[in-house]
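**Q** Protein chains in written order, with our numbering: chain L, 1 to 113; chain S, 1001 to 1111.
Source of the hints: derived by calculation from the structure; they are not laboratory data.
Where a beta carbon is used, it is the ideal one built from N, C-alpha and C, also for glycine.
Some hints here could point you the wrong way.
[What the hints assert, rightly or not] Partial pick of chain S residues on the chain L-facing surface, computed with a CB cut under 7 Å:
id : residue
1  : A1041
2  : P1042
3  : F1101
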Amino acid sequence: ETGVTQSPTHLIKTRGQQVTLRCSSQSGHNTVSWYQQALGQGPQFIFQYYREEENGRGNFPPRFSGLQFPNYSSELNVNALELDDSALYLCASSVTGKGTEAFFGQGTRLTVV
Amino acid sequence: QQPVQSPQAVILREGEDAVINCSSSKALYSVHWYRQKHGEAPVFLMILLKGGEQKGHEKISASFNEKKQQSSLYLTASQLSYSGTYFCGTGTNFGNEKLTFGTGTRLTIIP
Chain L
1 ETGVTQSPTH
11 LIKTRGQQVT
21 LRCSSQSGHN
31 TVSWYQQALG
41 QGPQFIFQYY
51 REEENGRGNF
61 PPRFSGLQFP
71 NYSSELNVNA
81 LELDDSALYL
91 CASSVTGKGT
101 EAFFGQGTRL
111 TVV
Chain S
1001 QQPVQSPQAV
1011 ILREGEDAVI
1021 NCSSSKALYS
1031 VHWYRQKHGE
1041 APVFLMILLK
1051 GGEQKGHEKI
1061 SASFNEKKQQ
1071 SSLYLTASQL
1081 SYSGTYFCGT
1091 GTNFGNEKLT
1101 FGTGTRLTII
1111 P
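Just need the whole structure built from these sequences, with the hints factored in.
**A** Put into structure tokens, the structure is as follows:
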């Protein structure tokens, strides 16, 4: 049990819709990173939030956006969903500036139909 | 460019040893190792930081050669619970865990 929780655990959406995924970071962690994991692949970095601002972004289009709140929890928003967005979405919490481990939540399985 | 892991898959009998390698084309600050079982989130195993250190606990250890940008994970006397897909995640900046994950190594332990 890492203390990182994500909601919902499963979600089915229709192409073109919008979705919001949520992540509560582990106590004491100030940074949240989001990853997309397609079936049979390693996690791909989407973006990271630190001090409520985006702190680096991977190769994902602007329709992927996020927020971080004062309590360090975070949201991932995806607009105009495409079939290829179907994946496991993982958030990982860590402490920026310490070179420490990143712990993953259990993930949200998104299916776009 | 994602790190390359080898082997892609390996099947071992319980009690045998395994080595999983991770190689990057970029200069690395850190290497993180995770194990993921089917349908579950990756579970953190260990982190190695720049300095060429070796770490380990119980029967799982790892090394990091920063000059070669390579890391290896060593599983000794493997147990059935070690089955899963192992990923290395590499970081290029201090204290900034924006990880680039490798291609994964599927490890199957059979009785």
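**Q** Taking the numbered hints from earlier one at a time, note which ones the structure violates and give those numbers from smallest to largest.
**A** Checked against the structure, no hint fails, so every one of them is satisfied.
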